[in-house]
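K.L.:
So the sequences go chain by chain: C and A.
Per my numbering, residue 1 is the first one in the first sequence, and the count goes up by one each step.
Per my numbering, residue 1 is the first one in the second sequence, and the count goes up by one each step.
Read the hints as simulated data drawn from the structure, not as lab findings.
Any given hint could turn out to be false.
The list makes no distinction among identical chains, and a pair is therefore deemed to hold if it is satisfied within one copy or across any two copies.
[Said to hold, decoys possible] In silico SDA-like cross-links for lysine to any residue, where the CA-CA straight-line distance does not exceed 20 Å:
#1 Lys147 x Val277
#2 Lys165 x Glu275
#3 Lys36 x Lys228
#4 Lys162 x Lys228
#5 Lys271 x Cys168
#6 Lys147 x Gln270
#7 Lys141 x Gly303
#8 Lys141 x Phe120
#9 Lys162 x Met267
#10 Lys271 x Tyr171
#11 Lys147 x Asp280
#12 Lys162 x Lys189
#13 Lys3 x Asn231
#14 Lys118 x Val26
#15 Lys2 x Arg198
#16 Lys13 x Phe33
If you want the building blocks of each chain, they are given just below.
Protein chains: 2
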Amino acid sequence: MKKALGIDIGGTKILYGIVNENGEIVSEVKKTFTPKTADAIFSTLKTIIDEHYTEIEVVGLSSAGAVNLENTKVLSSTPNLPDGYNQIDFSALCDKKVYVENDANCACAAEYKNGAGKGFNTVLMITIGTGIGGGVISDGKLFRGAKGNALEVGSMKIFADKRQKCTCGRYDCWESYASGTGLKNCATKGAKEYPEFRESIYKDKQPDEITTYDITDGIQKGDAYSIKVFNQWMEYMYVGLVSLTDIFNPDCIVISGGMCSFVDTEMLEQKINAESVVTDVKVLRATTGNNAGMIGAAVLAFG
Amino acid sequence: MKKALGIDIGGTKILYGIVNENGEIVSEVKKTFTPKTADAIFSTLKTIIDEHYTEIEVVGLSSAGAVNLENTKVLSSTPNLPDGYNQIDFSALCDKKVYVENDANCACAAEYKNGAGKGFNTVLMITIGTGIGGGVISDGKLFRGAKGNALEVGSMKIFADKRQKCTCGRYDCWESYASGTGLKNCATKGAKEYPEFRESIYKDKQPDEITTYDITDGIQKGDAYSIKVFNQWMEYMYVGLVSLTDIFNPDCIVISGGMCSFVDTEMLEQKINAESVVTDVKVLRATTGNNAGMIGAAVLAFG
Numbered sequence: 001m002k003k004a005l006g007i008d009i010g011g012t013k014i015l016y017g018i019v020n021e022n023g024e025i026v027s028e029v030k031k032t033f034t035p036k037t038a039d040a041i042f043s044t045l046k047t048i049i050d051e052h053y054t055e056i057e058v059v060g061l062s063s064a065g066a067v068n069l070e071n072t073k074v075l076s077s078t079p080n081l082p083d084g085y086n087q088i089d090f091s092a093l094c095d096k097k098v099y100v101e102n103d104a105n106c107a108c109a110a111e112y113k114n115g116a117g118k119g120f121n122t123v124l125m126i127t128i129g130t131g132i133g134g135g136v137i138s139d140g141k142l143f144r145g146a147k148g149n150a151l152e153v154g155s156m157k158i159f160a161d162k163r164q165k166c167t168c169g170r171y172d173c174w175e176s177y178a179s180g181t182g183l184k185n186c187a188t189k190g191a192k193e194y195p196e197f198r199e200s201i202y203k204d205k206q207p208d209e210i211t212t213y214d215i216t217d218g219i220q221k222g223d224a225y226s227i228k229v230f231n232q233w234m235e236y237m238y239v240g241l242v243s244l245t246d247i248f249n250p251d252c253i254v255i256s257g258g259m260c261s262f263v264d265t266e267m268l269e270q271k272i273n274a275e276s277v278v279t280d281v282k283v284l285r286a287t288t289g290n291n292a293g294m295i296g297a298a299v300l301a302f303g
Numbered sequence: 001m002k003k004a005l006g007i008d009i010g011g012t013k014i015l016y017g018i019v020n021e022n023g024e025i026v027s028e029v030k031k032t033f034t035p036k037t038a039d040a041i042f043s044t045l046k047t048i049i050d051e052h053y054t055e056i057e058v059v060g061l062s063s064a065g066a067v068n069l070e071n072t073k074v075l076s077s078t079p080n081l082p083d084g085y086n087q088i089d090f091s092a093l094c095d096k097k098v099y100v101e102n103d104a105n106c107a108c109a110a111e112y113k114n115g116a117g118k119g120f121n122t123v124l125m126i127t128i129g130t131g132i133g134g135g136v137i138s139d140g141k142l143f144r145g146a147k148g149n150a151l152e153v154g155s156m157k158i159f160a161d162k163r164q165k166c167t168c169g170r171y172d173c174w175e176s177y178a179s180g181t182g183l184k185n186c187a188t189k190g191a192k193e194y195p196e197f198r199e200s201i202y203k204d205k206q207p208d209e210i211t212t213y214d215i216t217d218g219i220q221k222g223d224a225y226s227i228k229v230f231n232q233w234m235e236y237m238y239v240g241l242v243s244l245t246d247i248f249n250p251d252c253i254v255i256s257g258g259m260c261s262f263v264d265t266e267m268l269e270q271k272i273n274a275e276s277v278v279t280d281v282k283v284l285r286a287t288t289g290n291n292a293g294m295i296g297a298a299v300l301a302f303g
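Chain C on its own, in the form it takes in the complex:
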C-alpha cells in the first residue's frame, strides 16, 4: 500500500507522520515547534521530508489559510504564520508530489476516509472553534470551487437586517453567533436580556466579561442563565446546519474543532431531520482529533 508523509503546519507546532492510503497512521507521530520565519519553516519542512523521503510516495501539507487551485501555495495571510509564508512554493520542497490544502478541507478528508464519515458518500465537515470553517466531499471529491476557497460557511448570514457585527467587520456571519466567539456573544447579550441572569452564579460579572468557559461550566452546575445562553447558541448552530443540509444533502455532518465536545449532536440531528427538506442526515462528532490535518493532507495528496 502506498504511503504519504502527512504534515500539519500549525501556528505553534508542526505535526507529522506516515499515513497509508486508508488514512491510517503507520508511524510514530512527531512534533516540532513552528519556526518564526517563512525561510525557517521551509527548511524545517525540507528536513522532515528528507528524513522520510525513501519511505513515501507523496507529501501532504495541511495549513491554515486559503490555498491556490494548484495546491502549491497558501495565498492568504494567516495571522498565526509569519510574513512571507504566502510566498512559499511548497512544490519546491522535493521532487515527489507535494500537495497543500487548507486545514478544514484536510479535516473533512480525514473524517471521510478514516473518521466519523467513513463509508458515507457525502460528508459535510464543520469545524467549530474561535470561528467556523467547513469542507464537503461527495462521490470521493472535495468541493473546492473556482479558486479553491469554497465552504467559507462561517460567513453565511443568519440574519438579513445587520443585527450583529462580526469580528471580520461584516454583519451577521453565522460564526459570530455559533462559534466559540458566538457563545461568548450569546452570553453577553443574554446577561443584558435574560431575567435568569439576576439569579445566575455570574450575576456579579460584567456582561462582556463572561467567557465561553463560564457558560460550559455553568451548564454543569445547573445555572439557568448558562443553560438559556447555551440553548440559544444551539439554536443558532441548528439554523446554520439545517440550511447547509438543504444546500448539500449530506449523508452526515461531522462536527470538529475546539468547541465540538460541547455541541449536542443528538438534538441537532433530530431537529434537522424534523425540518430539512432533505432527510436522514446524521450529525456526528469528529474522531480523528489532532491528527485530522496530517491524515487529511496525506489522503488528499494521494489524489
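Since the structure of chain C is already known, use the hints to place chain A on it.
P.N.:
Quick look at chain A alone, frame taken from chain C:
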C-alpha cells in the same frame, strides 16, 4: 458529434429537440401538451423517443421534483404532475440510456455548457420564480449530494428568529423573502410599514392585494413605495447570494427563472464582490431561456 434527445416535461407542456455534445440544438424544437395521467405521459414520451430513435445516442429528461440517485425516477410528488408520476421508471422508455434530472440541475447544466456560464469552472445557477431553486457545477461535475437532492437553496434560512412563515410551513426560508412570492410578501409588509405607501399609486389597495406585477410596474412609473419594496427584495436576494458565494466560491452566478428579468444583476455583482470573503464572482442573466431544461438534460445524459 454525438446527439441526444432532450425532453423537458413541464406541468402543461412537453418540449423536445435534438441536442449535440456542445449543448447546441440541432433540430426544430417541438411541443406537445402534457397528458393528464402517468400512463399517458409514459406513452407520449415513448412515441417521441421512437420518432427520433435512429438519430440519437442518449435521451435526457428534465422534470420538476426530486430525482433518485440513479437518475431513473422522479421520487417526490410534484403538484403539477399526475398521481403515479413518481412510479414511472424512465429507464424503461427505450434500450438506449435514458437520464432524468430535476429542472434546476438541468438549467445549470445548460447554462454551464452553452449559456451564460460557458467557459467557467464553477457555475452556480439560481432560478427565481414562485420559489427559488439552484444547481452548481464545478470541474464539469454537477453537485448532487447523498440522495441527489442538493442545492435546495430556497430553504436556506435568512433569519434565525422565526420571523416569517413560508408557504412550505417552515420559517424564514430564503424563497419566502427573495422569490416572486417573496416580492409579494415584501409588498404586503411594506404597505403596512413604509410611509411612502400613503402617497403610492397603490394606496387604495389592501396590503395583501398588491401583486408582484404591481411592484415591477410601479418601479417603471417611479412609484416611491414600489421602489422601496423592490430595494428590500434586492437586499434579501443579495443576503442569500453572498452566503452562497462564500459557500460555493463560484466563478459566476447565473440567475434564471420567471423573475430573472427584474433582478438587478449589476448591483448584486458589485455588492457581493464588496462583501464576500471570496472574490471576483460574476452575476449574469441566463441565456438558454425556455430551452434550458431540454439542453441541460441532454448535456447531462451524455455524462
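K.L.:
Are the hints correct? Go through all of them and say.
P.N.:
Results for each hint:
1. Only between protomers do Lys147 and Val277 lie at most 20 Å apart by alpha-carbon distance; the minimum there is 12 Å, versus 30 Å within a single protomer.
2. In the homo-oligomer, the alpha carbons of Lys165 and Glu275 lie at most 20 Å apart only across protomers (13 Å), although the nearest pairing inside one protomer, at 28 Å, exceeds that limit.
3. In this assembly of identical chains, Lys36 and Lys228 lie within 20 Å of each other by CA distance neither inside one copy nor across copies; the values are 43 Å within and 53 Å between.
4. Within a single copy, Lys162 and Lys228 get their C-alpha atoms only as close as 23 Å, which misses the 20 Å cut-off; across copies the closest is 18 Å, which meets it.
5. Taking the shortest alpha-carbon separations for Lys271 and Cys168, only the inter-copy value of 17 Å comes in at or below 20 Å, while the best intra-copy value is 29 Å.
6. For the homomeric pair Lys147 and Gln270, the shortest alpha-carbon distance between copies (19 Å) is at most 20 Å, but the shortest distance inside one copy (35 Å) is not.
7. In this assembly of identical chains, the alpha carbons of Lys141 and Gly303 lie at most 20 Å apart whether taken from the same copy (9 Å) or from different copies (17 Å).
8. Both within a single protomer and between protomers do Lys141 and Phe120 lie at most 20 Å apart by alpha-carbon distance, with minima of 12 Å and 19 Å respectively.
9. In this homomeric assembly, Lys162 and Met267 come within 20 Å of each other (Cα to Cα) only across copies, at 19 Å, whereas the closest approach inside a single copy is 28 Å.
10. Within a single copy, Lys271 and Tyr171 get their C-alpha atoms only as close as 26 Å, which misses the 20 Å cut-off; across copies the closest is 14 Å, which meets it.
11. In the homo-oligomer, the alpha carbons of Lys147 and Asp280 lie at most 20 Å apart only across protomers (10 Å), although the nearest pairing inside one protomer, at 31 Å, exceeds that limit.
12. For the homomeric pair Lys162 and Lys189, the shortest alpha-carbon distances inside one copy (16 Å) and between copies (19 Å) are both at most 20 Å.
13. Proximity of Lys3 and Asn231 under a CA criterion of 20 Å is satisfied in neither setting, with 44 Å inside one chain copy and 56 Å between copies.
14. In this homomeric assembly, Lys118 and Val26 come within 20 Å of each other (Cα to Cα) only inside a single copy, at 18 Å, whereas the closest approach across copies is 45 Å.
15. Proximity of Lys2 and Arg198 under a CA criterion of 20 Å is satisfied in neither setting, with 61 Å inside one chain copy and 74 Å between copies.
16. For the identical chains of this complex, Lys13 and Phe33 are intra-copy neighbours only, at 4 Å inside a copy versus 67 Å across copies, given an alpha-carbon limit of 20 Å.
Of the hints listed earlier, those the structure fails to meet are numbers 3, 13, 15, in rising order.
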